[in-house]
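Now that you have both chains on their own, put them together as the hints suggest.
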Amino acid sequence: MKTIDSFSTLVERIHLAEEVDILDEEITVWINNGAQKIRSTILDSSLLDQIGRTEDRLKRQIKLSQPEVLKRLHQLRLVLRAIPMVEIRAACDLPEEFKKTLVVNLKKTIKGNFVIKVSKNKDLIAGAQISFRGKYGDYSLIKKLSDNKEAIFGEILKDVGI
Amino acid sequence: MNLPFDLVTNTTTLISIIILLVTLNLVLVFIYYLEYRRNQKLLGIDKKLGESQRLYKRSQESANQLLNSTIEESQLIIDRAYREANTIVTQMRKTAARIDTKTETEITQLVAEGKLNLQNHLNEFSLVFKSSLTELGKTNVDQVKTIQNQIYQETLISLRQMIANLSSEALALQAEVGTQTQAEIKKLQSELESYKSAQIAKINEHLYDIVIAAAKKVLGEGLTLSVEKETVLKAIDDAKKDGLLY
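So the protein lines, in turn, are chains A and B. For the first sequence, numbering that gives the first Met the number 0 begins at 0 and goes up steadily by one. For the second sequence, numbering that gives the first Met the number 0 begins at 0 and goes up steadily by one.
Looking at chain B on its own, in the form it has when it is part of the complex (with noise of 0.2 angstroms):
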């Protein structure tokens, strides 16, 4: 038997593939090791990742927040100023109400309690006419009665037109104020009590003129020519006694 050569080729051979295993051992190992190697590298990156995410889906949520608050803020401070302007404009509406209605009272007053007083006072104006007749011993108290009467008339009709100009011009004013914004609507609430004011002293200043205006028409179309005679004879003996006519 001749051992050797075969075995002998058949241990190199095994020895060769042995070393080729390992070698391939080897090789497969480092594979292993360069991928293994790679993957800690992106599970590093993963994690790196998902940190990253959470930041932003913190920092998302944070700015959400914000803006949510911030709106709502913004949302409380234009109620608050939408609920001031309403109040206001409220207000406003309700002082021009107040003033038409207090004028309105107040010269429906005058007119109604107005109707004793002026009567008071008709009655006073009736005496300086009465005296002036008086002295002639010719005294016509019918007619005295009669043009007292036809004066309050003519006034109350001066009055209630009076009443009715400012009536509507309150109201005028009353639908502008709703239609403001809150800067003008102070400025109207001034303009209205100068308004108020005004007019009431036209009442006053007119109220005289008006009175003697229906004392001219009406006494002017009442007297008759006896009476207008007998005044100019008591206005001459007047002026006698008065040194005047010397």
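Extracted from the complex, chain A is given alone in its bound form (with noise of 0.2 angstroms):
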């Protein structure tokens, strides 16, 4: 009987963690609907077809009964929960693009799945604030003046007294 690994395709094509909130949604719909049928969905086609595919797939090749499909479905939420997400807050909204490119840079030194997750913090200037796994990095060019504000604004604060 083919496992769960049937998933790592799919799992691998997610990068989002808005994909995985997306999915997630669909899952539980599939998974009210007694996964009977599967609801059209602003997913891209040719992730609904992966995900269209698996569950036939689930059906044809591991003939699986409804409820070991619904199980099967459970299991996939959980995969996809689970799946490592890189948290960066940057300055300013980065166009989606740009996301792309943040995940074929990760992908040089992470290994095994993960997600990103990208939100705005416009008080950081510049940089970016960086959360995976339980570390956390700022990177951020307010961070770098709050460092260097002996440097920077010693004198001035000699100056009034100080």
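Mixed in with the good hints there might be a few duds.
[Stated by the list, open to error] Only part of the chain A face toward chain B is listed, based on derived beta-carbon distances under 7 angstroms: (1) C91; (2) N104; (3) T108; (4) I109; (5) A125; (6) G126; (7) A127; (8) I129; (9) F131; (10) K134; (11) G136; (12) Y138.
[Said to hold, decoys possible] When the alpha-carbon atoms are kept at most 20 angstroms apart in a straight line, the in silico DMTMM-like pairs for lysine to aspartate or glutamate are as follows: (13) B:K240 <-> A:D146; (14) A:K98 <-> A:E25; (15) A:K142 <-> B:E34; (16) B:K233 <-> A:E95; (17) A:K98 <-> A:E18; (18) A:K106 <-> B:E229; (19) A:K116 <-> A:D137; (20) B:K240 <-> A:E86; (21) A:K110 <-> B:D237; (22) A:K119 <-> A:E18; (23) A:K116 <-> A:D23; (24) A:K121 <-> B:E229; (25) A:K119 <-> A:D20; (26) A:K116 <-> B:E229; (27) B:K239 <-> A:E86; (28) A:K98 <-> A:D137; (29) A:K110 <-> A:E86; (30) A:K119 <-> B:E229.
[To be verified] Restraint-style ranges between C-beta atoms, simulated for each label pair: (31) A:A81 <-> B:L224: 29 to 35 angstroms; (32) B:G242 <-> A:K70: 34 to 40 angstroms; (33) B:L224 <-> A:K142: 40 to 46 angstroms; (34) B:G242 <-> A:L69: 38 to 44 angstroms; (35) B:D236 <-> A:K119: 17 to 23 angstroms.
Because the hints were derived from the structure by calculation, they are not lab data. Ideal placement from N, C-alpha and C gives every residue a C-beta, glycine not left out.
Given below as structure tokens:
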């Protein structure tokens, strides 16, 4: 019997946290529908095909009963939620194409599957704050200004009497 | 001739008259004596009255002198107190003016001389900024200079606003000093000193925030999307170096 590995192709195609959210929502709908139908979604059509093929493959190749399909869908949802996430907080809204560039860049060092979640914080001015697997780093320009406060503003503060 | 009856009668009459005259004289003498005695008494009373009057006059003069000297001394005291209060008020006015002028001078000097210092420190800041871009090989010197000047202008605007606020507050305090009593003046003196220290501390505290706010405003609006993207990629590279992305 084929195992959950049949999901790996799907998981490899997912790179953005938004995609995980949308897929998770859809899986909830399938489970509630008893896996009878696949609702049309705003997902990329190739991804939808992949999901469709996954379900059909499960039905044809593995010959699982409906309860088994439901069980697999539950498992798929768990797998999706367990994908490691790289959180990137930038100073501005980053275009979608650039997010793909970030994914390609990150793949050079991060082994295994991951998704990126990109958010915005204007106060950073430039650079980014990055967190992954419980580790956090602030590489923003505002942090650099703050770290170099004494060097940059020391003389001015001295003139005023500090 | 019959002398004797007429003569006797005449002698008797004469003697009676003499006796009467003597008696009258005696009475007159007595009356004079009484008068004399009365006059003597009156003289004595007059004398006493004269002395009393003199005494009274003398005591009056002494009292007047005492009163006058008391008035003079009181006036001296009042004058002295007035002069002292005046001196203190004048000093307070000068101190307030000095504080105002000194604070304004300090800040103006800061702005004037600080132009050079600010420039130096903005150079430092631009170095930090440039270094974050230099590694990407895309340093835009002109953009950095423009940003530098904009930050400087923004900081000056905020500092000038702060000077204006400080000056108007110091002037209000100065006006208040002129109408206070001595005890209140001393209280105001220490309040002015505390005010000065607090204002300078506020400047210290806010100067960094002012420049940071100016930097955020200027840079936030000044950076292009391509520069932002480059800095994000640079941040990822730094994160890799720090072992964050494995």
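Agreement of A:K119 and A:D20 with the hint, judged by alpha carbon distance not exceeding 20 angstroms | 18 angstroms, holds
Starting from A:K116, check that the Cα of A:D137 is at most 20 angstroms away, please.
-> Measuring from Cα to Cα gives roughly 16 angstroms; hence the hint holds.
Using the Cβ atoms, figure out if B:L224 sits within 40 to 46 angstroms of A:K142.
-> 21 angstroms, violated
Could one say that the CB atoms of A:A81 and B:L224 fall in the range 29 to 35 angstroms?
-> This hint holds: roughly 34 angstroms between Cβ atoms.
Within a Cα-Cα threshold of 20 angstroms, do A:K119 and A:E18 meet the stated pairing?
-> 18 angstroms, holds
Hint validity - A:C91 Cβ closer than 7 angstroms to any chain B Cβ | 5 angstroms, holds
Keeping to a limit of 20 angstroms between CA atoms, is the pair of A:K98 and A:D137 held or broken?
-> 19 angstroms, holds
Is A:K110 close enough to A:E86, meaning Cα to Cα at most 20 angstroms?
-> Roughly 16 angstroms between the alpha carbons, so the hint for A:K110 and A:E86 holds.
So, A:T108 near chain B? Judge it on the closest CB pair being under 7 angstroms.
-> 5 angstroms, holds
Lying within 38 to 44 angstroms: is that true of the beta-carbon distance B:G242 to A:L69?
-> Check passed, 41 angstroms falls within 38 to 44 angstroms.
Against chain B, run the beta carbon of A:I109 and see if the smallest gap drops under 7 angstroms.
-> Hint on A:I109: holds, closest Cβ of chain B at ~6 angstroms, below 7 angstroms.
Is A:K110 within 20 angstroms of B:D237, Cα to Cα?
-> 18 angstroms, holds
The structure fails hints 14, 15, 33 (numbered hints given earlier, in ascending order).
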